[in-house]
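Colleague: If you want the building blocks of each chain, they are given just below.
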Amino acid sequence: MASSISLPRVESGNPLVNALRIVPGVLLLAGIGYAGKILEHSVNAYAKAHHWTFPNIEYVLWAILIGLVISNTLAIPRLFQPGIATYEFWLKLGIVLLGARFVLADVLKLGGISLGLVVIEITISLALMTLLGRLFKLKPKLTSLLAIGSSVCGVSAIIAAKGAIDADDEDSSFAIAAILALGALSLFTFPAIAHALHMNDVSYGLWAGLGVDNTAEATAAGALYSDAAGKIAVLAKTTRNAMIGFVVLAYALYWAGRGQAERVTNKAAFLWKKFPKFVLGFLLMSLLVGFHAFSKEQVVSLGNLSKWAFLLTFAGVGLRTNFREMSQQGLRPFIVGALGEVLIAGLTLGLVVGANRFWGL
Amino acid sequence: MSTDKSAHTPASKGTALSLDTWAVIIACLLALAVRFDILKHVGW
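Going line by line, the protein sequences match chains A and B. My numbering puts the first residue of the first sequence at 1, with every later residue one more than the last. My numbering puts the first residue of the second sequence at 1001, with every later residue one more than the last.
Derived by calculation from the structure, the hints in this document are not laboratory data. Be aware that one or more of the hints could be misleading.
[To be verified] Chain A regions said to be covered by chain B (calculated; three or more residues, Cβ under 8 angstroms): (1) 90 to 97; (2) 114 to 126; (3) 296 to 306.
[Unchecked claim] Below, a list of computed lysine-lysine pairs in the DSBU-like style, where the Cα atoms sit at most 30 angstroms apart: (4) A:Lys277 / B:Lys1040; (5) A:Lys296 / A:Lys37; (6) A:Lys296 / B:Lys1040; (7) A:Lys48 / B:Lys1040; (8) A:Lys109 / A:Lys277; (9) B:Lys1040 / A:Lys307.
[To be verified] Per label pair, the in silico range of CB-to-CB distance: (10) B:Phe1036 / A:Asn44: 29 to 39 angstroms; (11) B:Leu1029 / A:Ile57: 31 to 41 angstroms; (12) A:Tyr34 / B:Thr1021: 24 to 34 angstroms; (13) A:Leu135 / B:Thr1021: 20 to 30 angstroms; (14) B:Ile1025 / A:Ala196: 41 to 51 angstroms; (15) A:Gly257 / B:Arg1035: 43 to 53 angstroms.
All residues carry an ideal CB built from backbone N, CA and C; glycine is no exception.
Only chain A is shown next, with the shape it has when bound in the complex (with noise of 0.2 angstroms):
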């Protein structure tokens, strides 16, 4: 189970082995990534070839909808779990190479926003699910990591915070497993709810990014919207992404308090370590354009690598959710994180949009 939730590390003496192993899952992501284009190409044509009403499906949802069938209809051979498991070095680096879109005047602007609206995000957040979990009995350190995985950045998160408290490796499955399940409905509740609402893509990007908990889901949910949405998820999330620091050295601390953690003897190191270097390339590619250091012509080229980088983590994010594996880690955290993010959810779609009615997104 925690062999398709957790993150399969490539170990091995051999650089040049450990190159190789991944090959075969990255050949299947971009396989898949690059179906997807082709399906949301030729499926959009024959609809209008034969004027049917057909909904435009963008290629995000079909590489997602192919990840997910093949995860769970067919047993993904070992041979490519390396490279699947790479989903997540292709996001941040799409992240990194996202940056040159943003001027850093936007950047400060709505990362100003999005800080302000994360604090508050983050601080209800804690609270409400550490008085779920309460509610519901949990375990105390599976609702710390409930908590921190529903307010901060999902996975990454759980498996900052798992060695900072000492937590189990069951409670690290049960809380990725919750956080990983909601974030897939994420996909495709979110979209509805804002089409419904008429949101505009900034509103839309913001909410995405503040009430979708893991990276790769709020950057697809914001993608499944338009370009522009999804532009602005990543800045929101992003934002988020740079709290996590803080709030596993709150909890670390707080265990440490109670002797049932380690105690924290460098404050900032552990800040350093845990904060997500990716967010200092955003900056600097950010900074970089602001500078003109490429061309227009230069800065679509960044974008479009930031696009095939996309791609295969959406790939990704369809392959490593499995509905089946899923279920069998238990009903009580499922519920509490349901819970917990159908109330986030409502209540940051509230913040976003007291935020457009006050500073007009």
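Put chain B on the given structure of chain A with help from the hints.
Modeller: Coordinates of chain B only, in the frame set by chain A:
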């Protein structure tokens, strides 16, 4: 075991770079390749 043990990790086996750092390095290399039109020359 300390929670911030990375700060005390001996360097004898070399410093393993995180996924994030690799993503930034590869992104920078790609950006350089775009900046100096290397990708264009290879037909991208």
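Colleague: Determine for every hint whether it applies to the structure shown.
Modeller: How the hints compare with the structure:
1. 90 to 97: Contact hint for the stretch 90 to 97 of chain A vs chain B: holds, 5 residues under 8 angstroms.
2. 114 to 126: Since 0 is below three, the answer is violated.
3. 296 to 306: holds (count 4)
4. A:Lys277 / B:Lys1040: 29 angstroms, holds
5. A:Lys296 / A:Lys37: 25 angstroms, holds
6. A:Lys296 / B:Lys1040: 14 angstroms, holds
7. A:Lys48 / B:Lys1040: Between lysine 48 of chain A and lysine 1040 of chain B the Cα gap is close to 34 angstroms, so the pair fails against 30 angstroms, i.e. violated.
8. A:Lys109 / A:Lys277: Given pair lysine 109 of chain A, lysine 277 of chain A holds - Cα atoms ~21 angstroms apart, limit 30 angstroms.
9. B:Lys1040 / A:Lys307: 17 angstroms, holds
10. B:Phe1036 / A:Asn44: 29 to 39 angstroms: 37 angstroms, holds
11. B:Leu1029 / A:Ile57: 31 to 41 angstroms: Because 34 angstroms falls inside the window, the suggested range holds.
12. A:Tyr34 / B:Thr1021: 24 to 34 angstroms: 28 angstroms, holds
13. A:Leu135 / B:Thr1021: 20 to 30 angstroms: 40 angstroms, violated
14. B:Ile1025 / A:Ala196: 41 to 51 angstroms: 43 angstroms, holds
15. A:Gly257 / B:Arg1035: 43 to 53 angstroms: 50 angstroms, holds
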